[in-house]
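Undergrad: As given, the protein sequences belong to chains A and B, one line each in that order.
Start counting the first sequence at 1; every next residue gets the next number (my numbering).
Start counting the second sequence at 105; every next residue gets the next number (my numbering).
Any given hint could turn out to be false.
What the hints assert, rightly or not - Per the computed footprint, the stretches of chain A lying under chain B, defined by three or more beta-carbons under 8 Å from a beta-carbon of chain B, are:
hint	stretch
1	41-49
2	76-88
Claimed, not checked - Listed next, the stretches of chain B that the computed footprint assigns to chain A, with coverage defined by at least 3 CB atoms under 8 Å from CB atoms of chain A:
hint	stretch
3	303-312
4	440-450
To be verified - The calculated PhoX-like cross-link candidates involving lysine-lysine, where the alpha carbons are at most 25 Å apart (straight line), are:
hint	chain 1	residue 1	chain 2	residue 2
5	A	LYS50	B	LYS147
6	B	LYS231	B	LYS217
7	B	LYS231	B	LYS180
8	A	LYS50	B	LYS277
9	B	LYS231	B	LYS147
10	B	LYS222	B	LYS277
Keep in mind the hints are simulated off the structure, nothing from the lab.
Cβ atoms here follow ideal geometry from the backbone N, Cα and C, with glycine treated the same way.
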Amino acid sequence: MIDWQLQLRIQQLQTRYVQTIDDDRLEEWPPLFTADGRYTITTRENHRGKLPLALYSCEGRGMLQDRVTGYRRINVYEPHCYRHQISALEVEPAAAGSTSSALI
Amino acid sequence: MTDASRIPYRYLHDPALYRAEQQRIFQGPTWHYLCLEAELPQKGNFVTTQIGETPVVVVRGDDGNIRAMINRCRHKGALVCVEPRGQAATLRCLYHGWSYHLDGRLRLVPFEKGIEGKGGMPACFDKADHGLLPVRTEVFHGVVFGTLSADTESLEVYLGSDMCQQLRRVFHKPVQVLGYYHQVLHNNWKLYAENARDSYHATILHAFYATFKLNRLTMGGGLVVNHDGWNTMNYSIGASLQEGQYDARELRSVMPDIGLAGPQLLDHRLEYADGITVAIQSIFPACVHQQIYNTLAMRQLVPLGPDKSELHWTVFGYADDDTELRALRLRQGNLIGPAGYVSMEDGVIGEYVQRGIGGAAADEAAVLLMGGTDIASVTDSRANETTVRGFWQGYRTLMGDALDD
């Protein structure tokens with residue numbers, strides 16, 4: 001049985017999350033995580049090979065804020081901007097709460 | 105000895121030089137990092153890689169030995185192994201099914217005798233003459249190197265004593281791969297090769313290093329050159345930092361008002377008795393071995409054309425890492441790789457040079473005069489480009505008259 005309310009809430013969170021990034025309001029992005037939230041970007045190769053190394057590996061909101069500071073002030077990189085295209089959301093019940101996934 | 109303190113920009117985009125490099129440098133008397141022995145734990149494990157443009161497969165054979173071969177079927181030249189790594193009982197080409205033993209000997213040619221005695225290979229065809237071409241290989245403390253030239257010195261002589269010592273220092277016990285990064289660089293491969301040897305830029309371009317005092321030229325450290333400058337190491341000792349000299353008004357990389365909200369990123373453990381916290385070792389022409397605090401990696405540079413290259417990172421820890429140390433390594437992964445606080449900047453700066461030198465006159469050249477014109481180890485200052493000059497000395501030695509106008 002699909003919990004439509006839950007599905008909708010996750011979808012709204014996801015929409016807000018993506019717009020925060022696409023609109024370059026990055027300072028509003030870390031507060032979307034819990035204080036101990038984890039954020040990882042890895043590669044297909046490492047994921048499939050069950051290798052733990054990631055491109056981004058942030059533990060806690062503070063490390064997310066630092067990534068924003070790096071982007072805004074510290075690092076030198078080729079300028080770029082984002083426009084996310086996201087697939088439909090799949091929500092699965094889990095032992096505690098639920099997990100959701102979508103392709104970006 | 106040629107003067108390596110002026111390097112014409114044409115070295116960095118001339119297609120004719122790119123062609124000559126494949127033959128004189130990558131197929132010349134040079135050693136190339138291929139993989140780690142830890143990636144080939146079982147018989148039949150293989151890793152595919154390249155030495156310059158030449159495809160290479162490294163295999164652990166049925167006898168347990170590690171061999172490298174040119175990954176090119178002796179029939180029509182197709183790649184034999186396609187996947188980055190895998191496990192195989194035999195190496196079989198997809199095109200016409202020619203199949204090789206793990207040691208490279210040709211074992212089977214489909215329809216070699218034809219069908220019902222018609223067609224097939226002539227009697228003069230000898231499978232023994234059509235094995236995969238061997239690549240000379242040496243394994244040094246678990247690091248697998250290969251060379252395409254019969255004239256290359258033995259690996260230890262080529263590396264030099266300090267370079268051997270640095271590899272022994274890090275590979276002193278079994279390692280375990282933690283993951284890989286791959287990134288395309290929109291610049292000539294040599295811009296990255298010299299960037300890794302360049303201590304001068306490290307704490308000026310990389311604000312993360314200087315601001316958080318991970319690496320500064322005002323730390324103890326040094327520049328080491330072996331083999332006439334071909335192979336180099338830049339190192340620093342974090343605990344020896346002297347304050348001062350880094351002026352926030354003049355250097356973008358010093359940002360006194362910036363702190364970290366997640367300071368655990370900088371947590372580290374001293375792993376080596378010498379206190380060295382950053383050590384970047386470059387092995388001519390295209391290999392970099394890195395220790396940045398607790399991150400350990402081999403980087404391999406593959407040229408993709410006069411103005412494009414690819415960088416492959418193999419990041420590892422030790423097989424016996426405790427949970428906390430493993431977590432430190434993975435967290436410090438935020439510093440390195442294509443999205444690393446430090447390394448992302450090396451990914452873009454080469455491109456800025458490549459774009460900057462477009463249209464340069466034939467006699468325009470880079471100036472590499474920090475510390476003079478010598479190419480020698482320096483222990484009292486890293487405000488010196490001796491290691492960069494060393495790279496270019498090796499380049500000129502091998503390229504010879506190909507560099508003549």
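Undergrad: Now look at each hint and say whether the structure bears it out.
TA: Hint by hint, here is what the structure shows:
| no. | hint | in the structure |
| --- | --- | --- |
| 1 | 41-49 | holds (count 6) |
| 2 | 76-88 | holds (count 3) |
| 3 | 303-312 | holds (count 3) |
| 4 | 440-450 | holds (count 6) |
| 5 | A:LYS50 / B:LYS147 | 21 Å, holds |
| 6 | B:LYS231 / B:LYS217 | 12 Å, holds |
| 7 | B:LYS231 / B:LYS180 | 15 Å, holds |
| 8 | A:LYS50 / B:LYS277 | 23 Å, holds |
| 9 | B:LYS231 / B:LYS147 | 24 Å, holds |
| 10 | B:LYS222 / B:LYS277 | 58 Å, violated |
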